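So the chains spell out like this:
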Amino acid sequence: MGGENAPPNTEDAVIASDENSNAPLARPAPRSRRPGTEAGGEPLIRAKDFSVFYRTKAAVDKVTFDIEARKVTAIIGPSGCGKSTYLRAINRMNDLIPGCGTSGMLSLEAQPLYEPNVDVVALRKMVGMVFQKPNPFPKSVFDNVAFGPRIHGQAAGERLAEIVERSLRRAALFDEVKDRLGDNALGLSGGQQQRLCIARAIAVDPKILLMDEPASALDPRSTARIEDLIGELRGDYTIIIVTHNMQQAARVSDMTAFFYEGRLVEFGSTDEIFTKPREKETEDYITGRFG
Amino acid sequence: MELGTRKLFDRSFSFVSALAIVLMALSLVILLGPLVVKGSGAFLFRGTIEHRQFMLDKFGRGDREAVEAEAARAEAARAPVYDLLRMFEARLDTADADFRRQYRGDFKDLTGLIGELFGPVPGGEVPVLLRQQYGQTRWDRAQLKLREILMVEEYDYSDQSQMGKKVLKPRVDRFEGTGLEPLFSMLETGARDMLGPRLTLYHRFLFDESFDSHFFGGIWPELLGTVYLALGAMIFAIPLGIITAIYLAEYAGESHLVGLLRTSISSLAGVPSIVFGLFGLAFFINTMKISESKSVLAGALTLAVLVLPTVIRASEEAIKAVPVTYKEAAMSLGASKWRTILTVMLPAALPGVLTSIIISMGRAAGETAPIIFTAAVSVGKPLAVWQTLTQPTPALPWNIYNLATEHEAVDEIRHVQYGMVLTLVVLVLVLNLAAIIMRARILKRLRG
Numbered sequence: 015m016g017g018e019n020a021p022p023n024t025e026d027a028v029i030a031s032d033e034n035s036n037a038p039l040a041r042p043a044p045r046s047r048r049p050g051t052e053a054g055g056e057p058l059i060r061a062k063d064f065s066v067f068y069r070t071k072a073a074v075d076k077v078t079f080d081i082e083a084r085k086v087t088a089i090i091g092p093s094g095c096g097k098s099t100y101l102r103a104i105n106r107m108n109d110l111i112p113g114c115g116t117s118g119m120l121s122l123e124a125q126p127l128y129e130p131n132v133d134v135v136a137l138r139k140m141v142g143m144v145f146q147k148p149n150p151f152p153k154s155v156f157d158n159v160a161f162g163p164r165i166h167g168q169a170a171g172e173r174l175a176e177i178v179e180r181s182l183r184r185a186a187l188f189d190e191v192k193d194r195l196g197d198n199a200l201g202l203s204g205g206q207q208q209r210l211c212i213a214r215a216i217a218v219d220p221k222i223l224l225m226d227e228p229a230s231a232l233d234p235r236s237t238a239r240i241e242d243l244i245g246e247l248r249g250d251y252t253i254i255i256v257t258h259n260m261q262q263a264a265r266v267s268d269m270t271a272f273f274y275e276g277r278l279v280e281f282g283s284t285d286e287i288f289t290k291p292r293e294k295e296t297e298d299y300i301t302g303r304f305g
Numbered sequence: 056m057e058l059g060t061r062k063l064f065d066r067s068f069s070f071v072s073a074l075a076i077v078l079m080a081l082s083l084v085i086l087l088g089p090l091v092v093k094g095s096g097a098f099l100f101r102g103t104i105e106h107r108q109f110m111l112d113k114f115g116r117g118d119r120e121a122v123e124a125e126a127a128r129a130e131a132a133r134a135p136v137y138d139l140l141r142m143f144e145a146r147l148d149t150a151d152a153d154f155r156r157q158y159r160g161d162f163k164d165l166t167g168l169i170g171e172l173f174g175p176v177p178g179g180e181v182p183v184l185l186r187q188q189y190g191q192t193r194w195d196r197a198q199l200k201l202r203e204i205l206m207v208e209e210y211d212y213s214d215q216s217q218m219g220k221k222v223l224k225p226r227v228d229r230f231e232g233t234g235l236e237p238l239f240s241m242l243e244t245g246a247r248d249m250l251g252p253r254l255t256l257y258h259r260f261l262f263d264e265s266f267d268s269h270f271f272g273g274i275w276p277e278l279l280g281t282v283y284l285a286l287g288a289m290i291f292a293i294p295l296g297i298i299t300a301i302y303l304a305e306y307a308g309e310s311h312l313v314g315l316l317r318t319s320i321s322s323l324a325g326v327p328s329i330v331f332g333l334f335g336l337a338f339f340i341n342t343m344k345i346s347e348s349k350s351v352l353a354g355a356l357t358l359a360v361l362v363l364p365t366v367i368r369a370s371e372e373a374i375k376a377v378p379v380t381y382k383e384a385a386m387s388l389g390a391s392k393w394r395t396i397l398t399v400m401l402p403a404a405l406p407g408v409l410t411s412i413i414i415s416m417g418r419a420a421g422e423t424a425p426i427i428f429t430a431a432v433s434v435g436k437p438l439a440v441w442q443t444l445t446q447p448t449p450a451l452p453w454n455i456y457n458l459a460t461e462h463e464a465v466d467e468i469r470h471v472q473y474g475m476v477l478t479l480v481v482l483v484l485v486l487n488l489a490a491i492i493m494r495a496r497i498l499k500r501l502r503g
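Protein chains in written order, with this note's numbering: chain R, 15 to 305; chain H, 56 to 503.
None of the hints are false.
Here are some chain H residues the structure puts well away from chain R; computed CB gaps all over 12 angstroms: (1) 209; (2) 213; (3) 218.
To give an idea of the chain R side of the interface with chain H (calculated C-beta under 8 angstroms), a few residues: (4) 105; (5) 143; (6) 161; (7) 166; (8) 218.
Distance condition first, Cα-Cα at most 25 angstroms in a straight line; then the derived SDA-like pairs of lysine to any residue: (9) R:147 to H:372; (10) R:71 to H:379; (11) H:382 to R:93; (12) H:382 to R:94; (13) R:147 to H:402; (14) H:382 to R:206; (15) H:382 to R:164; (16) R:147 to H:392; (17) H:375 to R:110; (18) R:147 to H:376; (19) H:392 to R:112.
If you're looking for bench data, these hints aren't it; they were derived computationally from the structure.
Quick caveat: nothing in here was measured; it's all calculated off a predicted structure.
Glycine included, every Cβ here is placed at the ideal spot set by N, Cα and C.
Next comes chain R alone, as it looks inside the complex (with noise of 0.2 angstroms):
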């Protein structure tokens, strides 16, 4: 095996009760700031030699490469990459498969992520994510959205309608929905799914929003509907969003990470990756050479 730290199972025991949302993450972190104020330009995520593993095969191997806050980075590479691997790693998603472990460093404002104190419950609530194919639960509109807020015990009554409000509305979805808030989810269009979804992440107030091919399973209209929203996003969140498509990162993102059989190959601003790639591989990928 080679994971150093397997994930501790710290998500049975802890129980997200504090209302600060800026809720440290592990009890000797100094207390965090909003995105953006970081001391001196530190990098909001650093990877340092991470590497994830499923029982012995490494998905990600020995990824080192930093992710600045309230900006978008996107990373491509062809399936099976590992791209959504790191992704899912950043918010300990991986926690959930069986056999999963990681070595290396991983950490979100210096605070390293895999460390036995690590309050995953208070991690999630700072990284929101958003999924390939839109899932809302099967309840009505607003208790989607209320959902993170409720479980937190961020908000009740009035209050609660607010953030549902804002989170609706930040999330572009609000006027077609507002006078469905008590239907059922699901009887949203995939388009308007996907922006509920992203509307009951940003409800709970997180700095970072992971996008795991949020706009795959949807039609084009719906896609750039999407697009626009990551780029209002912008500056107010750090997103990270995995995508097949180098169209979609090029529109969106700002620095863009190549990831190729779980290497990463190349990483830097979006203009210089997709114009001037520095590596062999890079050019061939993003030219539709393979992948």
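Using the hints, position chain H against chain R.
Here is chain H on its own, set in the frame of chain R:
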């Protein structure tokens, strides 16, 4: 294969499937038809004046004056019969020994039967047993009794090579030349006036207590006992079953030990119910001593053990069938595992869980063997809720068996037995129907 052959195979296949469905529907009709027809006889029948008299005496139901007037009319119609009987009895007392020897037995049979038909002789002693204080309350039973009076069963042994053959002979022949003959024609033609049959809807059959071990009244103690047992079983089985299902689906993992556990649970579902009954007696009553002897509590616990495997396995499957994306979404929002299970997984699994629960409830309501040793008695009063902890109860499945086999007058009260069967079947069907409707509603809510 040639196109023609393939088509032939296809057609014959659909034909066989259609035939299977038709056969199933047919057997259902054959099963349910008589059950409904005979069972409804407990609720809707031609009641005689005796029925109305009983209802008035015991429950104060009906118009007292009307019933008493009708009773008087019936008594007047019966008077000639009693006159003849009295006359014959007087003659029997004064007649010579030969006459007495010849007719005493037959006459005793006859008066006995007439007592069963009309009840005790007016002005005579009141018998101890309730069933002897009234005549036939139902016209169908009265007609059977009447036939028994008119025709006597004899066995014809003339053919030595065979067993005796049953033959019916008119009873009147036995009293030839005694002056009692007009009685039989009187009964034959006047029975209607003497009993006053009238179409009666006895819907209170469900909610009346029974009297004199089901000779009169309804089946409320049995119905209530069944409801207690089924609900009680669910009180124990639901929490335990769902918690176990959650453990198996979400926490147990896939080790060999857990596999063994799963297999054991599945095998438990196939254990004969009589074994559960004996287990309940040995464990809950003899070992745990949760009650002095049989009690509703012990029966409910035994039934809970019986249905637990079903609840566990079905709930586990339902929880496992919840899309993993729901779980991921909840976890990614920072929900802890138990929170995810409680707020997302269980609600999504509810249709499956609920179906298993209600079907198990139907099973618990209908099971006989587990309650024989642990909860059921053949005669009893309706229990109050707190009495269920210590007292046994009559229950529909057990009493159906009891009335069909062990009752002292099985033939006299068939209608009660049929009524119980219909009630039980309808109860279980209603439960299953409720399951289907609830499931559909929740599914609709979940699917939007």
